[in-house]
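Trainee: Now for the letters of each chain:
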Amino acid sequence: MTTTAEITRRCLALYEDLDFASVRAWKAAAPGRKVVGYMPVYVPREIVHAAGMLPVGILGGGDGLEVIHGDAYYQSYICRIPRSTIELGVTGRVDFLDGMLFPSTCDVIRNLSGMWKIMFPKAYVRYFDVPQNYVDAIGGSYYAHELAELREGLERLGEVRITDDALRASIAIYNENRRFVQAVYDLRAREPWRAPATEVYLLMRAGMVLPVEEHSALLREYLDAAAREERPRRDNARVVVTGAFCEQPPLNLIKSIELSGCYVVDDDFMLVSRWLQGDVPLDGDPLEQLALAFLHRSVSTAMRYEPTQAEKGRFLIDSVRRTGAEGVVFAAPSFCDPALLERPMLHSALQRAGIPFTSFKYAENAGQMQPIREQAGTFADSIKLWSAP
Amino acid sequence: MTVKEPSMLKQKEMIARNYDRLTRAPQHGEKVVSTFVPGNLNELLLCFDVVSNLPEINALQNGMRKKTGNYILEAEKLGHSEDVCTYVKADVGMMAKGNLAPNGEPLPSPDLLLLSYTGCFTFMKWFELLREQYDCETVMLHVPYAGDGVITENMRSYVVKQIREVVIPALERISGKKFDIDRLREHLAESARAEDDLVRVLESARHRPSPIDAWFGGVYYIGPIFTAFRGTPDATEYYRLLRAEIEERVALGQGPITPDGEMGEQRYRLVVEGPPNWTHFREFWKLFYDEGAVVVASTYTKVGGLYDDGFRHDPSKPLETLADYCMGCYTNRNLPQRVDLLEKYMRDYDADGLLINSIKSCNSFSAGQLLMMRELEKRTGKPAAFIETDLVDPRYFSPANVKNRLDSYFQMIEQKRRNRPTAA
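These protein sequence lines are chains A and B, in that order.
The letter at position 256 of the first sequence is residue 256 when you use the numbering used here, and the numbering goes up by one with no holes.
The letter at position 368 of the second sequence is residue 368 when you use the numbering used here, and the numbering goes up by one with no holes.
In isolation and in its complexed conformation, chain A is listed as follows:
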């Protein structure tokens, strides 16, 4: 029987491998295979999968990559993820990518789509826009067309036809994956000592490079192993970590939050796996179903317009209530416009709801964790001392 430690070791190896050996192996296993990269936060991976291609999350270089070339492309006041992504590109570490999708996350990712077009002219590059209008006949219709354009683009890239049946099959496979992902998150919210934040992070991170079927199997194994293993329960404060939806924090930062006395019971690290809440129906037009799911069952995050003031912060507060969290840790990358502009509004919402919070910034390559540990530790202590009923 596989243990959580074994699964975690495998996931850690995938996480640390900035040459993406597993992806290269997948591609080499059969002639004509194509790999399509995507950046945070959300792209409909189902369509890439239905084309027989492997969608691969490109989340920057973390703290394991020395950025030499990438810094020459960006001013000091721009976040880290685009420069380490450029580094991955110019050093040939992602030369297996046949295509690259840049979602409408922010202006930096948006402009990176144009840079990629200039720097890698042979690749299929698409800026993937999503609607900020959530009316079926307006934003829904626009988005369904955008999905159709993506489908056509991938068909041209792979010289394949993506049938509706193939799309439905892929949606079903991703539905299953979303259920397993949710099950892991539910387990951690219920019994966080059984599924430490670093392990959950690495598990989800593995889903960025593994074929979805393999990832689902891994999640199932982890759930089984976690249920079997007894682990010590600590008197930690339960927190939700938010703001880290694009540039990822170094693993040590997540570890530091845990070591400082916090159980992370929810987070927004890799929202692509949980963006659509619940199953996407398998009947009807599959692109329309993906569009409707996006309009009406998406997570709420900074890159998405919130149509009413009353809803601002509700998703986060609901997450706190649902998971029994005692506080919120705002961990945002330096120079991240969406997260940092959103933060004051979420602060206000939490204040109104009487939920304690603390905030700090990080960079994907940050090495000094002592200040984080002190801040998170103080926060955990304050919760334990003063927030108890």
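Note that these hints are calculated values from the structure, not bench results.
Warning: the hint list may mix true and false statements.
[To be verified] Below, simulated SDA-like cross-link-like pairs (lysine to any residue); rule was C-alpha separation at most 20 Å, straight line:
#1 A:K312 x B:C136
#2 B:K77 x A:S348
#3 A:K255 x A:E374
#4 B:K77 x A:T358
#5 A:K361 x A:D63
#6 B:K31 x B:V219
#7 B:K67 x B:K97
#8 B:K66 x B:G98
#9 B:K77 x A:F357
#10 A:K312 x B:Y134
#11 B:K378 x A:I118
#12 B:K286 x B:V219
#13 A:K27 x A:E213
#14 B:K161 x A:V90
#15 B:K378 x A:P371
#16 B:K161 x A:L292
#17 A:K312 x B:E137
#18 A:K361 x B:L73
#19 B:K403 x B:I413
#20 B:K77 x B:V160
#21 B:K161 x A:V135
#22 B:K403 x B:E283
[To be verified] Simulated coverage check for chain B against chain A, where a stretch passes if three residues somewhere in it have a Cβ under 8 Å from a Cβ of chain A:
#23 84-96
#24 155-166
None of these values were measured; they are calculated from a predicted model.
Quick reminder that beta carbons are idealized off the backbone N, C-alpha and C, glycines included.
Got chain A; can you put chain B on it based on the hints?
Mentor: This is chain B only, laid out in the frame that chain A set:
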């Protein structure tokens, strides 16, 4: 003494009148709509007789009046990060400090926040922040980015549907006025007239000497057409006057008028990418004209509409033309298009080089500019330089640094000239 030409006096009077109208709107029973410059729907707003308030213009006006330093500090005290857009913080800080317009009177609360999401992600967050302050109706006009360098029918139809089904009903509701498409057509025709004259003004920089500075002077020239006046007879008249003045300068072989009077010898013709700094605007400009550097084309003057590639508001397709306008603004174009445009400017205006003013606050402009610079050097063989300032945060304007870089840049241009092979 600085010469004040009729067009300058006219613009000054128009802006003052508009701020007076805006600050007195509640007394006169007029409705106020806050909206952004790029992709603004001014012709449509005119159909409902609402007064528009443009937060970016307030921020830049405050920047030029040296007020934004304190406003930004105030916003940071309120919890806004030092990392984010200073226009937003200048606006938030201004509200916290009494929300006074440049005429010294309080700005009214908007009746509608019309979020035109063109070319800048931050706009969305900015309006969410304003909504929290004002608690008023908000309408989002989502303008898709031209990621592939084209405007597709799907994109156009999406914007038109939003204008028809979301924006117009909200304006009708707020103003109590029924939408009249013929009135919109009239305003669009008025816009097109002014746009023709603006293009002639901008293109006058092809002359030697250039009669205009297309960046420092250009930001004044775009004032009326980018803001509350596009589509009005006032704007048409302003551009008619301006064009006549510029044509006269061309005929007389004169250069642009600077704050220190008419510019002397023009030694360097530059194309500039990026917005200017507003907090030290005159000091900044002086660093250029003192050295004989004139800007012959700029991209910032295309941020609220790109007319010199042929676009005109078209009364025969009123909603479609608004959609095309929104999607065609400079920062809504992808990076390859921006590089192409700059290359064209460098050739069409016979520029000596490219200068990028990289703005700390503005990722929409700034992210990717270093690659743009490399690409343009490669394509044109002309020298490029990079300076860094900010829009309205005085902490990020270092005159000595900027001067050093400009001096080196001008030397580089001289060096290139000396090395240029001469005809046998």
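Trainee: For each hint, tell me whether it holds in the structure or not.
Mentor: Results for each hint:
| no. | hint | in the structure |
| --- | --- | --- |
| 1 | A:K312 x B:C136 | holds, 14 Å |
| 2 | B:K77 x A:S348 | holds, 14 Å |
| 3 | A:K255 x A:E374 | holds, 13 Å |
| 4 | B:K77 x A:T358 | holds, 16 Å |
| 5 | A:K361 x A:D63 | holds, 15 Å |
| 6 | B:K31 x B:V219 | violated, 28 Å |
| 7 | B:K67 x B:K97 | holds, 11 Å |
| 8 | B:K66 x B:G98 | holds, 16 Å |
| 9 | B:K77 x A:F357 | holds, 17 Å |
| 10 | A:K312 x B:Y134 | holds, 14 Å |
| 11 | B:K378 x A:I118 | holds, 13 Å |
| 12 | B:K286 x B:V219 | holds, 15 Å |
| 13 | A:K27 x A:E213 | holds, 16 Å |
| 14 | B:K161 x A:V90 | violated, 42 Å |
| 15 | B:K378 x A:P371 | violated, 45 Å |
| 16 | B:K161 x A:L292 | holds, 18 Å |
| 17 | A:K312 x B:E137 | holds, 14 Å |
| 18 | A:K361 x B:L73 | holds, 19 Å |
| 19 | B:K403 x B:I413 | holds, 15 Å |
| 20 | B:K77 x B:V160 | violated, 41 Å |
| 21 | B:K161 x A:V135 | holds, 11 Å |
| 22 | B:K403 x B:E283 | holds, 10 Å |
| 23 | 84-96 | holds (count 3) |
| 24 | 155-166 | holds (count 7) |
This entry does not satisfy hints 6, 14, 15 and 20, going by the numbered hints stated previously.
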